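Number of protein chains: 2
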Amino acid sequence: MKKLINDPKNVVEEMIEGYVRAHPNYIKQLPANDRALVTARETKEGKVGILIGGGSGHEPGFLGYVGEGMADGVAVGNIFASPSPDPILEVTKAIDKGAGVAYLYGNYAGDVMNFGMAAEMADLEEDIKVGMALASDDVASAPKEEKEKRRGIAGEFFIYKTAGAAADFGYNLEEVIRVAKKTNENTRSMGVGVSPCYLPQTGEPSFEIGEDEMEIGLGHHGEPGIEKGKIESADAIADRLVSDILKDIEITSGEEVAVLVNGLGSTPKMDLYIIYRRVEQILNEKGIKIYKSYVGDYITSLEMGGCSVTLMTLDEELTEMIDHPVDCPMFVQK
Amino acid sequence: MKKLINDPKNVVEEMIEGYVRAHPNYIKQLPANDRALVTARETKEGKVGILIGGGSGHEPGFLGYVGEGMADGVAVGNIFASPSPDPILEVTKAIDKGAGVAYLYGNYAGDVMNFGMAAEMADLEEDIKVGMALASDDVASAPKEEKEKRRGIAGEFFIYKTAGAAADFGYNLEEVIRVAKKTNENTRSMGVGVSPCYLPQTGEPSFEIGEDEMEIGLGHHGEPGIEKGKIESADAIADRLVSDILKDIEITSGEEVAVLVNGLGSTPKMDLYIIYRRVEQILNEKGIKIYKSYVGDYITSLEMGGCSVTLMTLDEELTEMIDHPVDCPMFVQK
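Protein chains in written order, with UniProt numbering: chain A, 1 to 334; chain B, 1 to 334.
This is chain A alone, in the form it adopts within the complex (with noise of 0.2 Å):
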């Protein structure tokens, strides 16, 4: 394991640090609170507060997703933890501009016990409206019947791409909710790992697979995936996951989707591309219209090698959504 870093136990600190002196016109650290970010520009009176967050070792997720159009502040956890309920409510009450606030996160039982417990202090000590939304996207994590166990991947792109333009619109915390459920249900991705990142303070990979493996639905921080085996073709592993997602969802012709292929880390933006035009292929076949997409990386584990494809059907409204305009330090859309 080589890293740029200085010691292990100040990663996270120093990469805020870095972060926060890079874009100072984009985010600042609450003094109450070193873990708590909140936009450096002002949220506008009466709109929704959106607040995202999870553990470090995602970026771009999660603090990379906070400037106009999207989040108005980040809860940041240690590497792959979820950050406690501390700077969930510190930014909470930040951002809270009489409309309450959209806490928007990935199902891990970490971050479903913190942020539960900031959205209850944040109730009975603050009295903020909270409203909360989880992404559980990952269709390898969990049978289909069993959905509210799945895993949020990189599907909570999309979520807060359309929470953070209901936001704007003015919606209600109801209705910012409503819109971020129905991404989430509307998303479905599918995930492949061929190497692991390897873990500042410890050293050790997240995982362990041989020369020549893949992992099929392998998670975000090393949770086993579905199946092991050989690597294979660009081609192949982009028909195994987009041949997953379709029948875990149905998506049928005419229909419009929106496209992520997102690198987990150390793959080049040429094989994610290479990825991308078998995608682009199979749904052409079917029919289905790609009304936009996104190839990079979105969100990430540290250097981890592989990559997702998630898929997001839209409506009218979400269509709408998706075209916001955003501008974030690591995520810009004209």
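In case anyone wonders, no lab produced these hints; they're calculated from the structure.
Since the structure is predicted, the reported quantities are computational estimates derived from the model, not experimental observations.
Heads up, some of the hints might be wrong.
Pairs involving identical chains hold if they fit within one copy or between any two copies, as the list cannot separate such chains.
Below, a list of computed lysine-lysine pairs in the DSS-like style, where the Cα atoms sit at most 30 Å apart [said to hold, decoys possible]:
(1) Lys292 to Lys2
(2) Lys181 to Lys147
(3) Lys9 to Lys129
(4) Lys144 to Lys228
(5) Lys247 to Lys2
(6) Lys44 to Lys292
(7) Lys149 to Lys181
(8) Lys228 to Lys149
(9) Lys247 to Lys93
(10) Lys44 to Lys334
(11) Lys9 to Lys228
(12) Lys181 to Lys28
(13) Lys228 to Lys2
(14) Lys334 to Lys28
(15) Lys292 to Lys334
(16) Lys334 to Lys47
(17) Lys182 to Lys9
(18) Lys230 to Lys247
(19) Lys289 to Lys28
(20) Lys97 to Lys334
(21) Lys2 to Lys230
Fit chain B to the given chain A structure using the hints.
Structure of chain B alone, referenced to chain A:
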């Protein structure tokens, strides 16, 4: 070596196909040559055309920078190899709007030869005026006295940024080239490599390096650096890179710079921001003002590990050009 590819012979074609299909509103291939890509939006009559190019494997460089505010077209070479004159000439013909075309590329023998030949053909056969500006920002690649021998690395990004803006502002060809050359004069980079990339066709690593080693000054294609040693802390590496730059170009207290911390492909954003943190501290101590910062993968070498630091000194003209909005598939600035 594990890659998400099909036949290694087809990686460039398949990447381009995926890229063009992912971003049809931004870029298209010319019928005359598959390796000649131009903006899908109309280039204004009378605007100087901006042509960039080089080998593949450096994505987002170079095809990722075709779009509003940057390049009008790109000639795409094989992995780490210059494009031949033919696609360069085809792009030239397509993007010339009567004001000539600026060729912006890195100082590598193959590129110098091929872009030079294309320029000659454009002049003689097509009566199109061509201007050329080369990036030679890599301090490690030759001594100060032989700057004309230096390679172009991540600093090329700043040349595309400023020259692209100059062309948008209505500058004529001579003026666009003046801006590009001034940018190169004002720009210095120093890099470090910690792990190689693997060439798709041979599976060979781009350079050899020990398990606990780093190489200061390593080139983008694995060209030897100036010093190999035990890997150091992020702070020590940043100190070394910035110090080598500041030995080469005098930047005095009160001067403004743009900073680019560029990842080579597999280096997590976390590490890049930790490097940035120290770069900012050093410049701050010296009273050098950071006007704008870019941190991320801007010009890569497939999955190479490591980073570079680039400083560009700004005057009023260049500041305005750095601020100019950009809308490319792989880089957007509001």
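Here is what the structure says about each hint:
no. : hint             : result
1   : Lys292 to Lys2   : between (36 Å within a copy, 29 Å between copies)
2   : Lys181 to Lys147 : within (13 Å within a copy, 57 Å between copies)
3   : Lys9 to Lys129   : neither (35 Å within a copy, 57 Å between copies)
4   : Lys144 to Lys228 : within (21 Å within a copy, 53 Å between copies)
5   : Lys247 to Lys2   : between (40 Å within a copy, 28 Å between copies)
6   : Lys44 to Lys292  : both (28 Å within a copy, 26 Å between copies)
7   : Lys149 to Lys181 : within (15 Å within a copy, 57 Å between copies)
8   : Lys228 to Lys149 : within (22 Å within a copy, 49 Å between copies)
9   : Lys247 to Lys93  : neither (42 Å within a copy, 48 Å between copies)
10  : Lys44 to Lys334  : both (20 Å within a copy, 20 Å between copies)
11  : Lys9 to Lys228   : between (33 Å within a copy, 27 Å between copies)
12  : Lys181 to Lys28  : within (29 Å within a copy, 36 Å between copies)
13  : Lys228 to Lys2   : both (26 Å within a copy, 15 Å between copies)
14  : Lys334 to Lys28  : both (23 Å within a copy, 20 Å between copies)
15  : Lys292 to Lys334 : both (13 Å within a copy, 20 Å between copies)
16  : Lys334 to Lys47  : both (21 Å within a copy, 23 Å between copies)
17  : Lys182 to Lys9   : neither (39 Å within a copy, 42 Å between copies)
18  : Lys230 to Lys247 : within (23 Å within a copy, 50 Å between copies)
19  : Lys289 to Lys28  : between (40 Å within a copy, 19 Å between copies)
20  : Lys97 to Lys334  : both (26 Å within a copy, 26 Å between copies)
21  : Lys2 to Lys230   : both (26 Å within a copy, 11 Å between copies)
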